[in-house]
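Residue strings, one per chain:
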Amino acid sequence: MVSKKKVASSFLVLITLMLQIITAFPFKQDELWEYSMISDFNRSFNLYDDFNATTGYKERQSLYLNISRFSESMYAQAVRVYLKKEVNEESIEKELTDIYEYQDCMDFDMNMLLRMLYLNLETDILSKDIKDKVCDALGKAKYWYTEPSYTTAIFYTENHQILYSTSELLVGQLFPNDTFTNSDMTGQEHVEHAIPLLNRWLDWRGQLGFTEWHSNVYFVETMSALVNLVDFAPDEEIAYKAAMILDLMAFGFASNFYKNRYATSMGRCYDNSRVGISRDSISEAAWLMLGIGIHNTGDSSDMAAISLATSKNYAPPPLLEEIAQNASESFEHKERNSIYLEEGPDYGIEYEGEDLMYWWSMAAPLAPQTIEGSIDLIEEYDIDPWTITGPQQLLDFIKVSAYLHGLSISEYSKTAKLLTRGSAYETANIYTYRTPHYQLSGAQDHMKGMDGFQEHIWQASLDDAAYVFTNSPGGLTKDFDQLFMGGWKPRATFYKNIGVIQYDRETMPLEFEFALWILNTFTENKLITHAYFPQTAFDEVKSKDGWTFGEKDGGYIALYSYEPTYWVSDYELRANGIKNVWIVELGSEHEQKSFDEFVSEILDSKLKITPESIGYEVFYDSPSRGEITVNWDDTFCVDDKEIDLGDYPRYDNKYCFQEFGTTQTIIQFENQRLELNFDNSNRSYQILP
Amino acid sequence: MKRKRSGAIKAFRKAIGEKLSPIRPIIKAILMIIIGALITRESVGAGLLTTNIVFGSFSYCLLAIAGLLTIQLLVSGGFSIKDVKSSKSRVNILFWVLYGLSIVVMVMYVSLYYLSYYLIIVPVAIGFLWIILRLYASKRNKTDKVVRIIYSLIFSLGFLYGALLNSLTPPIYVYFFFVSTLFLQLSRELFKILEDKYKYSFFEMKPGDIYDGKLLKQSLKFQISAIMLLFLPVFFGVKYLLLYLIPFILSTVFISLASLFTFKCLSTKENAKKINRTIKIGIYFQIFAILTAS
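Sequence lines, in order, name chains H and S.
Under the numbering used here, think of the first position of the first sequence as 1, with each following residue one higher.
Under the numbering used here, think of the first position of the second sequence as 1001, with each following residue one higher.
Watch out, some of these pointers could steer you wrong.
[As the list claims (entries may be wrong)] The following label-pair restraints were derived from C-beta to C-beta distances:
1) H:522 / S:1234: 53 to 63 Å
2) H:382 / S:1111: 32 to 42 Å
3) S:1015 / H:382: 52 to 62 Å
4) H:543 / S:1110: 51 to 61 Å
5) S:1097 / H:372: 55 to 65 Å
6) S:1097 / H:543: 51 to 61 Å
7) H:350 / S:1241: 30 to 40 Å
8) S:1234 / H:625: 48 to 58 Å
Derived from the structure by calculation, the hints contain no laboratory data.
Just so it is clear, the structure is predicted and the values come from calculations on it, not from any experiment.
Positions of the beta carbon are idealized from the N, C-alpha and C atoms, including for glycine.
Bound conformation, chain H alone (with noise of 0.2 Å):
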């Protein structure tokens, strides 16, 4: 006899398993999206006129090509769709599903399937039933925030908008007399609506460059869109302005790559990029734009690289290949990316409505400027919170707490400024310094004291394993496990081969700094600073009096930690506290005779550090430059000499200066003249007499 109560909970489990099964596939519909395909794609501009691609390029693109088709995974299958060799149509069937279910990153697979599209218009390698699938998908899919249905799909990243609205743009050109499922838009309205997107998003970054500046991993998709659209847009306008973007991506990979490395300070980027064995995401794609660093062939299923392998219209201006060649072994560079928060008026952006679509790129949605606005937003469209400031129960929290405190939203936001300001990708005034033995690139002065999300502040490069970084971990980080990436930012200042890095803060309200003390109890977060620093990567690691020395290929570094270190494992140098102050040193053999005289000279130097109330006084005597005195608040001097932190102009170097905010990039080597300008489009590359 079956019990009442077990038939009930069955009944019970039954319902629950249904309900599950609903909502898991609430938009997959049996009957298939009608649709009236292009049945061709051309255009009236081509963006080869000025110049052709290097043979350079042209040999790395079929490398790449070649080893990309025989991948399996479904990005790889535009290569063999470009090459019109048969498809893994199971690999590309399979990826649907994300779209389907409106899942987060289906952007990235939406691009490379729309990239799959244009290309079968002149190979028509795709079967129908595949092309029916593929269309059906994207028919129903979602491509903007402001769309109805309900979606725990981040759009608000600087990688996700780009590359959400060249879906929209491209799928829009597509199928322009169809109707679209959840946006019930025809194409022709999806194009419309796309195109004025796309060309605030290009304009800001032309501007104003990237809030997630250098990310080695989110460039990749990044890339991947703006090859989209110098391919596909049938704007003329969109598609320059997409092919100097990529130009100046290019730019910053020639700046700052070291030995295989994209060895600087980055906006977003992860622990497992930068701890341990690991290779830049973005690796593949600057070797393929520039030649540098090395090409890996089990890297054969690159978004980016796939689709600037599989591009017919964009190549990179042959100067920067050389000024890659050439800025190899020496060389200095200025940059800034992003803006402050208090500078949005001066370039024409508000603090709320559709230009809060800056700040969200700049993961500023809960900074004293923007959350009001970006409150209201979440209400008008109804946008689940997680996906842009966290739970509904921090903003119910925000709100009533600033009702008990007597302040306004805003306010209130401002005395947790190191956790609401300090996720955002403000101001990233960018320092590299390379010779041929090493090379150090930091954020100066970035964000001191604040809570960072996903920021590399600094790092100093020996060669691509060889390489120390420090990090102070806690706050709000990524999914709340980066002990490496983000926490709490430094006052890192550098001058040429020296940095002194110090990690301190301010307080905050008691109720966060409750909840930080919460969130530390129950993650791995401890009250600690802590290096990077593999031993097993150097030739020679020593330690003598706070210093950590390591030698690698003729290039010295030297590593100072004002509280006591201890090694927790091979490649982690830890010191306890949040409050510390680190130095930096590099040497070579070219400078020091040998390593054992760069470490007699550390020692020897004139070190005095006092703490103070918030931050040290600094002061060293560095062997190679003289006395360094720093603190806090207070000017970086290297000789009594002070030392510029910045703001720099968008980019400074010996082959470019460009103020910052303008939108016009020149940059020259030898007789090459590159002009990029954002204010006509124009992308000009002329050999001088």
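Starting from the known structure of chain H, fit chain S onto it as the hints suggest.
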């Protein structure tokens, strides 16, 4: 079954309570240090705040134990007549060692972290206060009262100590809060005299006793003064008024109730423990008020 379990829990709690009772004043004092440091946290960075709490707690812990030893010296409890002299001298030595150590800790802390040397004055002054109170008690034969004063000071001085570590010139409401806490604690201690007198089992005081009446009047004065002092921060720059006022009102309600009960004690029988607990809740809300308002 349930009854058995709750009985066991009660016994366990009682056992823990008994074990902790000697160090309870120290735990409370450390909590007050943390609160004091948190209230003035904006004067320093998070790094210094953390070290202030760690070193401050350690140094004050030594001072609090020195204070408890002063009480031991005053009451001479626990010593048999035979060895009272040698025990006293041993406790006396221990007092000086702890007092000296707390100063040494502070000197080391100040030197290591390049802080203001004026900070050393704080433990010196507190130890000096214990000595003065000891002399006063023995000269004026007011041991009972001085013991209660020291108990109260151990608790409330922790708050001031924590606040002073961050800033030698803390906001004026910090002092109001300190004095108010001291008064409330004193008021509680006076009730404890009555509790001791009636051996806990009665918890009821007989009206009309002149000595009891004096204590009760004194206690009442402390309570009323505390309420007035708590109200003053409203006019002296408390940061978030609403967040201060809500727990402040609750605190005032409880302390007023305690005052009412105390007043009733003068003419009718009242439960001393009840009054004591009401004041305690008042103090909790007071702490909450000062924390949230900062």
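Quick rundown of the hints versus the structure:
1. Distance hint for residue 522 of chain H and residue 1234 of chain S: a CB-CB separation of about 38 Å, inconsistent with the stated range 53 to 63 Å.
2. Hint check: residue 382 of chain H to residue 1111 of chain S, Cβ distance near 59 Å, so the stated range 32 to 42 Å is violated.
3. Residue 1015 of chain S and residue 382 of chain H have their C-beta atoms about 56 Å apart, which keeps the hinted 52 to 62 Å range intact.
4. With their beta carbons about 29 Å apart, residue 543 of chain H and residue 1110 of chain S fall outside the hinted range of 51 to 61 Å.
5. For residue 1097 of chain S and residue 372 of chain H, the hinted distance range of 55 to 65 Å is satisfied, since their beta carbons lie about 59 Å from each other.
6. Taking the beta carbon of each, residue 1097 of chain S and residue 543 of chain H are about 38 Å apart, not inside 51 to 61 Å as hinted.
7. Hint check: residue 350 of chain H to residue 1241 of chain S, Cβ distance near 33 Å, so the stated range 30 to 40 Å holds.
8. A hinted range of 48 to 58 Å holds for the C-beta pair residue 1234 of chain S and residue 625 of chain H, which are about 55 Å apart.
In the structure shown, a violation is registered for the earlier hints numbered 1, 2, 4 and 6, in ascending order.
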